[in-house]
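**Student:** Got chain A; can you put chain B on it based on the hints?
These protein sequence lines map, in sequence, to chains A and B.
Residues in the first sequence are numbered consecutively from 1, following our numbering.
Residues in the second sequence are numbered consecutively from 1, following our numbering.
None of these hints come from the bench; they were simulated from the model.
Because the structure is a prediction, the values reported are computed rather than measured.
No residue lacks a Cβ here, since even glycine has one placed at the ideal position from N, Cα and C.
Just so you know, not all the hints are guaranteed correct.
Unchecked claim - Derived BS3-like pairs: lysine-lysine, alpha-carbon spacing no greater than 25 Å straight-line: (1) B:K494 / A:K181; (2) B:K494 / A:K70; (3) B:K494 / A:K395; (4) B:K526 / B:K486; (5) A:K95 / B:K117; (6) A:K390 / A:K371; (7) A:K95 / B:K78; (8) B:K390 / A:K497; (9) B:K494 / A:K117.
Unchecked claim - Derived coverage of chain A by chain B (criterion: at least 3 residues anywhere in the stretch with Cβ under 8 Å from a Cβ of chain B; other residues may be distant): (10) 159-168; (11) 272-285; (12) 367-375; (13) 386-398.
Said to hold, decoys possible - So these bits of chain B aren't anywhere near chain A, every CB distance computed over 10 Å: (14) E66; (15) E177; (16) R231; (17) K478; (18) G481.
There are 2 protein chains.
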Amino acid sequence: MPADNVEIVSYDKFSLSSSSSDEEYSSYRKVDSSDDEGIQFAVTGDPKDESNEVHFESLPRKDLHEAFLKKCVDVILKEAVFEGTKRQNKVTSFKSPEELRSLFNFELKDGASSHDKLLRVVRDTIAYSVKTGHPYFVNQLFSSLDPYGLVGQWLTDALNPSVYTFEVSPVFTLMEEEVLKEMRRIVGFQGGEGDGIFCPGGSMANGYAISCARHKFFPDAKTKGLHSLPRLVLFTSEDAHYSIKKLASFEGLGSDNVYLIKTDSRGKMDVKDLESQIERSLKEGAAPFMVSATSGTTVLGAFDPLNEIADLCQKHKLWLHVDAAWGGGALMSQKHRHLLSGIERADSVTWNPHKLLTAPQQCSTLLLKHKGLLAQAHGTGAGYLFQKDKFYDTKYDTGDKHIQCGRRADVLKFWFMWKAKGTNGLVQHVEKVFENAAHFIQLIRDREGFELVHPTPECTNICFWYIPKSLRNAKSEKDYGERLHKIAPAMKEKMMKEGTMMVTYQSQKGLPNFFRIVFQNSALNKSDMVHLVEEFERLGSDL
Amino acid sequence: MPADNVEIVSYDKFSLSSSSSDEEYSSYRKVDSSDDEGIQFAVTGDPKDESNEVHFESLPRKDLHEAFLKKCVDVILKEAVFEGTKRQNKVTSFKSPEELRSLFNFELKDGASSHDKLLRVVRDTIAYSVKTGHPYFVNQLFSSLDPYGLVGQWLTDALNPSVYTFEVSPVFTLMEEEVLKEMRRIVGFQGGEGDGIFCPGGSMANGYAISCARHKFFPDAKTKGLHSLPRLVLFTSEDAHYSIKKLASFEGLGSDNVYLIKTDSRGKMDVKDLESQIERSLKEGAAPFMVSATSGTTVLGAFDPLNEIADLCQKHKLWLHVDAAWGGGALMSQKHRHLLSGIERADSVTWNPHKLLTAPQQCSTLLLKHKGLLAQAHGTGAGYLFQKDKFYDTKYDTGDKHIQCGRRADVLKFWFMWKAKGTNGLVQHVEKVFENAAHFIQLIRDREGFELVHPTPECTNICFWYIPKSLRNAKSEKDYGERLHKIAPAMKEKMMKEGTMMVTYQSQKGLPNFFRIVFQNSALNKSDMVHLVEEFERLGSDL
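Extracted from the complex, chain A is given alone in its bound form (with noise of 0.2 Å):
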């Protein structure tokens, strides 16, 4: 490789590196210094450069990193956690990726920046990023800010470790436990028992759900793969998250056999049409072995009737999973639980505390009424790090579970807002939104100009269209699906350029593209919800 692509030049005096920077944390040592060869620590600032009150230049070095680390905190607290959550803000600055481009400065060279430079990167990043916990977000299953996530997030990031045994993780490690265990009790498995992982993501949930129901029934494929086996099928809805096929495909079960089952008109799984593509499956000579259900699919809110699924796969030995990343934490409120009757019933369960609970990004988990499965199906035994002839009880152990081996915690910043609400504030939490989107429903149900995908959704996402004015009497020409289609993004631009709020839009089942605004966010309030309906009327109101 010719030396010019590496773009690894001399030392030159403006270098800032880690090597230095983390000796002036550790400047008390036990140890004698005098040899200590460390690199130059050499913080320039452009003399140029005054857009800052603290000039780092003036510190003495040892006291440099603590000041620039505060002066972060504080930028970062005033403009992404304060400013970035008022409602008088936008939510977004729009930029196309050109534009950002040559706004902010991407570039990675060869010699080092000041901390005012730095300073000026952290202000751009804020600028030019969304605002998530605005609460005027209302575009994904995600939302808002919760300040004791923060907290644990950043105590997480201080500590920084990696949660494979308890020797490195001692806290994480039993934190994880207990919050598993809550949030399977929580499910309704017997006494909180089973097993359960924190997991990059609901998607890597479904795989891992899929990984256990396949190693509950063909063990082998461990070792031996699937080459051998009968071809494998499982069932899940067709609004059900594109997870399941993407996962199948990792898997190597491959896409195609997983059995789309129809879903009604408010999305909800046919159970007869199931019961049919079971037997379809047994009559080609496949192997199911596993149904998928929803709780809150990821457009209409959908919930898949958990009883009657459960009884079919009791009926033909299939593993059942629900995925209620999403509607998982409707659990917590006995008003509305009810929506996911029957999954004390389920094998395993993915529940995202990260959607509904607004844990932060991310916070996803499966839960298991089988103990030992997981560490079955995926654990190798590594002798480097899951050694047998510790000291403690190697079974806190707990990496070998998992696919991954270094691995976040992502258990402190939710068990922290647990803590800090108690049970009781996540119930409030839970029920306020679920408050919140039946009076947006009601706002919209008969006003003009809204028309509701479903007229009664069950979770708090809720899809719409926006009929503008010159549509509104055009339902009986021949273009008008053709018309209305072209609405949701044509607003969505101007709602993204003007940057007052964001709500997504998606076409699903040949209907023409509408809206699906979502509510996680309990800050928000009844007057909100009439904001954000004027909101699209103005958005809507030239087209």
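**Tutor:** Same frame as chain A, but now just chain B:
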């Protein structure tokens, strides 16, 4: 499910809910908040709790969150970041799981906790966690706490993004593009061209490599699955990371179909054995498709001979993956990059900046020479997220390349470090760490009581036995190996209980347990090397 399993009881006055807290954040609203029926924000301190200087309860509600957040940051900076990385302090205060449960209140309750109690939780979490940023945490392939990396993490947390579409993560999307391109240039891919992703850990990156290789040669696997394909075989060395087998199982290939290639005494793949195993697989009628070579093995730190392996891959038309999760950092330095000579011939490379380059947990990349393959192998084109009728160029919606959907942004922390130090700073960091390792080797090479597993380790992980006095003249005795095998676990127990350093041990290839010390923190210097050597002598003195 019986209600008493859920532990949801009625609202009590101690409740602290995210609802109101977000409300506080967003107290300036465009819309009228007079009908705001937000949940009462009530923080009640325990009057007996006088452990903290700030009495949050006496503050007006509006300032309460800001004061709490700032106080938490102060505690985290002081106790975790600064005190936690001082040489004079302990790396760990080990408690057994039972002891820890009695000292730390993990339990989640119905009621909320006061801010004073929460601050104590923050302090306890720090006190009982391992200080992975401490200079004497030399236990894993990650360590140290980079100040710029930390700022990057904290900023990421405050913005709480999910990197799947440009509209939601504009800055993070372009940052990923920049960092991945620069890393590909350093690997030696022509002009930095190709593709790449950030993954939740090196294991996952290796899994993606398997999946891409499989898709390249057997694209039907994505839809049809593996059951109708020939038996696919891949090759890696017996010293390679366990994730290759683990992910091969997960992806339906079966761990038996990972053929393990012999290594020499240094831990390098035996290319002759590779050739004969490829031939064996062909004779068996299997379909070999991939070799995973390692640059920097987990235990011995060996670098496989990439050019010779690349020649074989070329000859047999096999995908060449290089797992440089650990050793990749050496590419930064002209002095050390010869260790990975030939890596530019790879089809894919795993490289974890959170290892040798000390980015915070976690930061792992998969770099590919082939454009578009990631999306072809993993894309499902979910219409609700990756709409094609958006108003900007949707090639920037990169999420469909991944098997994750929601995805934490792991790029900013590393990009920010790179920006701060420049490429030069990273080069110096790597060279310093290699110098330290060389010095450590020099110190123990001829020192009584130390024996290197291999006389000339190539990377900055160094494997050795400490032989206590009682065993120094017992080498010819029958039970010598057995006795030596017990030394490292005994010393590790003492080390953990005293908390003065953390170094791991393991057995490998039937050898008695040996220590593996790992250097990647460039804040360490030659005096630290002396200190660490003497610490082994101290810990082993009475054995």
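**Student:** Run every hint past the structure and note whether it holds.
**Tutor:** How the hints compare with the structure:
1. B:K494 / A:K181: violated (32 Å)
2. B:K494 / A:K70: violated (37 Å)
3. B:K494 / A:K395: holds (20 Å)
4. B:K526 / B:K486: The hint is violated at about 30 Å.
5. A:K95 / B:K117: violated (44 Å)
6. A:K390 / A:K371: Given pair A:K390, A:K371 holds - Cα atoms ~23 Å apart, limit 25 Å.
7. A:K95 / B:K78: It is violated: about 39 Å lies between the C-alpha atoms, which goes past 25 Å.
8. B:K390 / A:K497: holds (13 Å)
9. B:K494 / A:K117: Given that 25 Å is the threshold and the Cα spacing comes to 47 Å, the pair is violated.
10. 159-168: holds (count 7)
11. 272-285: Three-residue rule not met by the stretch 272-285 of chain A, so violated; n is 0.
12. 367-375: violated (count 0)
13. 386-398: holds (count 7)
14. E66: violated (7 Å)
15. E177: violated (8 Å)
16. R231: violated (5 Å)
17. K478: holds (21 Å)
18. G481: holds (14 Å)
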